[in-house]
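> Spelled out, the chains give:
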Amino acid sequence: MSRPIIVVGPITYAMKGKNLLARHGINCRVERVSLSSAKNGCGFGIFVPYRTDEAERILRQAGIPVSGRSEWGA
Amino acid sequence: MTYLDNAATTYPKPREVQQAIAEAFRRFGANPGRAGHAMAMASSEEMYRCRVDAADFFHAPGPECVAFTLNCTNAINYVLKGLLKPGDHAVVSCLEHNAVMRPLHALANTGVTWTEVQVTPGDNDATVASFRSALRENTKLVMCTHASNVWGIRLPVERIAVLARQYGIPTAVDCAQSAGLLPVDMVDSGIDYLCIAGHKGLYGPMGTGMLITPHGEKLPTLVEGGTGTESLLEEQPSDMPERLESGTQNMPGIAGLHAGIKFVRRIGREHIFNQEMLLLRSLYRQLSVMESVILYTPIPDAKYFAPVLSFNVKGMQSEEVGRIAVRAGLHCAPAAHRFMGTLETGAVRVCPSVFSTQADMEALVWALRRILMKKSGRKH
Numbered sequence: 079m080s081r082p083i084i085v086v087g088p089i090t091y092a093m094k095g096k097n098l099l100a101r102h103g104i105n106c107r108v109e110r111v112s113l114s115s116a117k118n119g120c121g122f123g124i125f126v127p128y129r130t131d132e133a134e135r136i137l138r139q140a141g142i143p144v145s146g147r148s149e150w151g152a
Numbered sequence: 088m089t090y091l092d093n094a095a096t097t098y099p100k101p102r103e104v105q106q107a108i109a110e111a112f113r114r115f116g117a118n119p120g121r122a123g124h125a126m127a128m129a130s131s132e133e134m135y136r137c138r139v140d141a142a143d144f145f146h147a148p149g150p151e152c153v154a155f156t157l158n159c160t161n162a163i164n165y166v167l168k169g170l171l172k173p174g175d176h177a178v179v180s181c182l183e184h185n186a187v188m189r190p191l192h193a194l195a196n197t198g199v200t201w202t203e204v205q206v207t208p209g210d211n212d213a214t215v216a217s218f219r220s221a222l223r224e225n226t227k228l229v230m231c232t233h234a235s236n237v238w239g240i241r242l243p244v245e246r247i248a249v250l251a252r253q254y255g256i257p258t259a260v261d262c263a264q265s266a267g268l269l270p271v272d273m274v275d276s277g278i279d280y281l282c283i284a285g286h287k288g289l290y291g292p293m294g295t296g297m298l299i300t301p302h303g304e305k306l307p308t309l310v311e312g313g314t315g316t317e318s319l320l321e322e323q324p325s326d327m328p329e330r331l332e333s334g335t336q337n338m339p340g341i342a343g344l345h346a347g348i349k350f351v352r353r354i355g356r357e358h359i360f361n362q363e364m365l366l367l368r369s370l371y372r373q374l375s376v377m378e379s380v381i382l383y384t385p386i387p388d389a390k391y392f393a394p395v396l397s398f399n400v401k402g403m404q405s406e407e408v409g410r411i412a413v414r415a416g417l418h419c420a421p422a423a424h425r426f427m428g429t430l431e432t433g434a435v436r437v438c439p440s441v442f443s444t445q446a447d448m449e450a451l452v453w454a455l456r457r458i459l460m461k462k463s464g465r466k467h
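Quick mapping for you: the protein sequence lines, in order, are chains Z and P.
Using this note's numbering, the letters of the first sequence map in sequence onto residues 79 to 152.
Using this note's numbering, the letters of the second sequence map in sequence onto residues 88 to 467.
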């Protein structure tokens, strides 16, 4: 089953993004992402099971540095 | 115990700060920002909440602007050594702490120069004019204390920041004595770098501080290392705040600092300031009628002073007087003593906290009277 994670990188931005999405009513949580998913190695992402595309758009508009998507998670 | 050395570090710390630190050992025992397991995420969450509240307290653009440091000195070093390059010039005030002056002297070896501008207590127009006249073509930074750690003299940092911005020069403010007491609005003021002590007016534990800036991504680093992110990169990641936070952070300290910030918000920064000023003004009045006491500043006016007062006793070294829990000597700020002509004697510094009372002021006056009687050879 696909587990869509929006890869952010630094945990501070991941948490900021999570709070932002929560304010938009989007259910999500911060997770550590796999080495292959993270930009240049270790990092964090936001697991967004539903409304993932909308969530990514909100994050990018808010200046959260999104570096990609991992569909399978950590 | 009468403790009036709060300008060095506040004591006691609020109960909730002590509890938060103890609790951090139980709840936040894992390294924040590294692993993804539950306790590591809980630590990261707590650290993030502290950033959010600190950013909110100083009205910084966002939590990513808050980098934790060892102390205020550490934050100041980051700014000075990051921004000033050979041939650059800086403008500082004549009241700076060694946290500013010693890094500048170290940078002098690389060709950095600076001008110390005269502060005119009680005349902000004159102070701002001094800053303006010190600016040069190669001035790359204006840095000043928000409030003197010796005399309590406040600098009009908002006006100084506006002035510097007109010339495209960044401003950094040493908030060691002011954070938690004086209002600081980073967004409104346009101050670029706030250097904060966590263990003074914010009531956190010693070993905590912050550098708050929206420009951290461009600031060259002094320390590089593990950040928990982008580990394949050989160079330091650019994202704030991790860029400035290499290595394991002081998690219990940050939890304590967070509790301290919440404590100040709950009591009210302005209320704490007013209460301390009231005590200090009362002390000032008592000291001003004691013939042997030398006071260097006018009675502290809230507009121009922070709640710090220094004095001397005629014919005595400050260290002889400062045997109660106040701080004597030069307070790591020879520039401020040179300004007031007390470089030879030092001074006795009194600084209350939110926990100080009128009884503490009376105890100080009583102790001072005993010292004076002893000095004059009379029985007491």
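No lab work stands behind these hints, which were simulated from the structure alone.
Warning: the hint list may mix true and false statements.
Claimed, not checked - Keeping only pairs whose Cα atoms sit at most 25 Å apart, straight-line, the calculated DMTMM-like set for lysine to aspartate or glutamate is: (1) Z:K117 - P:E132; (2) Z:K117 - P:E311; (3) Z:K117 - P:E321.
> Next, verify each hint and record whether it holds.
Structure-based check of each hint:
no.: 1; hint: Z:K117 - P:E132; result: 22 Å, holds
no.: 2; hint: Z:K117 - P:E311; result: 19 Å, holds
no.: 3; hint: Z:K117 - P:E321; result: 13 Å, holds
The structure agrees with every numbered hint stated previously.
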